[in-house]
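S.K.: Each chain, letter by letter, is given below.
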Amino acid sequence: NAGVTQTPKFQVLKTGQSMTLQCAQDMNHEYMSWYRQDPGMGLRLIHYSVGAGITDQGEVPNGYNVSRSTTEDFPLRLLSAAPSQTSVYFCASSYGGPGKNIQYFGAGTRLSVL
Amino acid sequence: ELKVEQNPLFLSMQEGKNYTIYCNYSTTSDRLYWYRQDPGKSLESLFVLLSNGAVKQEGRLMASLDTKARLSTLHITAAVHDLSATYFCAVDEGGSEKLVFGKGTKLTVNP
Chain H
3 NAGVTQTPKF QVLKTGQSMT LQCAQDMNHE YMSWYRQDPG MGLRLIHYSV GAGITDQGEV
63 PNGYNVSRST TEDFPLRLLS AAPSQTSVYF CASSYGGPGK NIQYFGAGTR LSVL
Chain X
-14 ELKVEQNPLF LSMQEGKNYT IYCNYSTTSD RLYWYRQDPG KSLESLFVLL SNGAVKQEGR
46 LMASLDTKAR LSTLHITAAV HDLSATYFCA VDEGGSEKLV FGKGTKLTVN P
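As given, the protein sequences belong to chains H and X, one line each in that order. Per the numbering used here, residue 3 is the first one in the first sequence, and the count goes up by one each step. Per the numbering used here, residue -14 is the first one in the second sequence, and the count goes up by one each step.
It should be emphasised that the hints constitute simulated quantities derived from the structure, not laboratory data. Even for Gly, the Cβ is constructed at its ideal location relative to N, Cα and C. Do not take every clue at face value.
Said to hold, decoys possible - Straight-line distance between alpha carbons at most 25 Å, and here's what the computed SDA-like set of lysine to any residue pairs gives:
#1 LYS88/X with LEU113/H
#2 LYS88/X with GLU61/H
#3 LYS88/X with SER114/H
#4 LYS(-12)/X with GLY98/H
#5 LYS(-12)/X with TYR106/H
#6 LYS91/X with ILE104/H
#7 LYS91/X with ARG112/H
#8 LYS26/X with GLN13/H
#9 LYS91/X with ASP40/H
#10 LYS11/H with ASP23/X
#11 LYS2/X with PRO96/X
#12 LYS88/X with ASN103/H
#13 LYS91/X with SER86/H
#14 LYS(-12)/X with TYR7/X
#15 LYS16/H with ALA109/H
#16 LYS88/X with GLY60/H
What the hints assert, rightly or not - Not close to chain X: a few residues of chain H, all C-beta gaps over 10 Å, as computed:
#17 GLN19
#18 ASN30
#19 ASN64
#20 GLU74
#21 THR88
Full structure from sequences and hints, please.
M.R.: Structural data, given as structure tokens:
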């Protein structure tokens, strides 16, 4: 049982480039979310999804897009990377939402934008 | 808007000592979570506190929740080096399917 899998683990981008961070879970969880972690800031919610076809914005959604075509996958897209998006990104999933159940986190993607 | 404050943000303690980390939050919620993060690693769930007065214990860590005071504590008993990590509390934003995290407490346990 793999849990929550994120790829890639590390990525370096130039300003203006686009990329997609992948997240997949094999626990049949309905709820998935993306966070970014910056030094001294804790984790901040970017986008989340309560099920396939349903997404919503979190605290810091600007510059990021998401979609949820299947229960398993929840990719995060950076359309035009900026240095302010240098961060560690975590994907998480839970059954029934984080307010009801434990969230399981992926290993993270460390992104640098030059 | 829900705000979650942890203190202290940095804690250096000696092995064998006791200490408490505090998590205050600004709006009503009866669901609070504690996570642990080792350097360069992901977050690991420690405790889920789902009602007023809830107390959970695992090894040298004990967490409690007082929803009336909007306060949770994480108590460390007889600290050991292996407990060195960053500890986060997170609060459910009133059934909104969102978690708001504190900034974390970086704990260093010295021999």
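S.K.: Now tell me if each hint is right for this structure.
M.R.: Hints, one by one, checked against the model:
1. LYS88/X with LEU113/H: holds, 20 Å
2. LYS88/X with GLU61/H: Given that 25 Å is the threshold and the Cα spacing comes to 15 Å, the pair holds.
3. LYS88/X with SER114/H: holds, 21 Å
4. LYS(-12)/X with GLY98/H: holds, 23 Å
5. LYS(-12)/X with TYR106/H: The given pair, whose Cα atoms are some 22 Å apart, holds under the 25 Å limit.
6. LYS91/X with ILE104/H: This hinted pair holds, its Cα atoms lying about 22 Å apart.
7. LYS91/X with ARG112/H: Holds. LYS91/X to ARG112/H sits at ~20 Å (cutoff 25 Å).
8. LYS26/X with GLN13/H: Holds, at about 16 Å.
9. LYS91/X with ASP40/H: holds, 14 Å
10. LYS11/H with ASP23/X: This hinted pair holds, its Cα atoms lying about 16 Å apart.
11. LYS2/X with PRO96/X: holds, 11 Å
12. LYS88/X with ASN103/H: holds, 21 Å
13. LYS91/X with SER86/H: holds, 24 Å
14. LYS(-12)/X with TYR7/X: With a Cα-Cα distance of about 14 Å, the restraint between LYS(-12)/X and TYR7/X holds, given a limit of 25 Å.
15. LYS16/H with ALA109/H: Since the Cα atoms of LYS16/H and ALA109/H sit roughly 23 Å apart, the hinted pair holds (cutoff 25 Å).
16. LYS88/X with GLY60/H: holds, 17 Å
17. GLN19: Non-interface label on GLN19/H holds, nearest chain X Cβ at 25 Å vs cutoff 10 Å.
18. ASN30: With a cut-off of 10 Å, ASN30/H remains clear of chain X, as the shortest Cβ separation is near 18 Å.
19. ASN64: With a cut-off of 10 Å, ASN64/H remains clear of chain X, as the shortest Cβ separation is near 17 Å.
20. GLU74: GLU74/H clear of chain X: closest Cβ-Cβ about 19 Å, beyond 10 Å.
21. THR88: Consistent with the label, THR88/H stays out of reach of chain X, its closest Cβ about 16 Å off (over 10 Å).
Every hint from the earlier list agrees with this structure, and none is contradicted.
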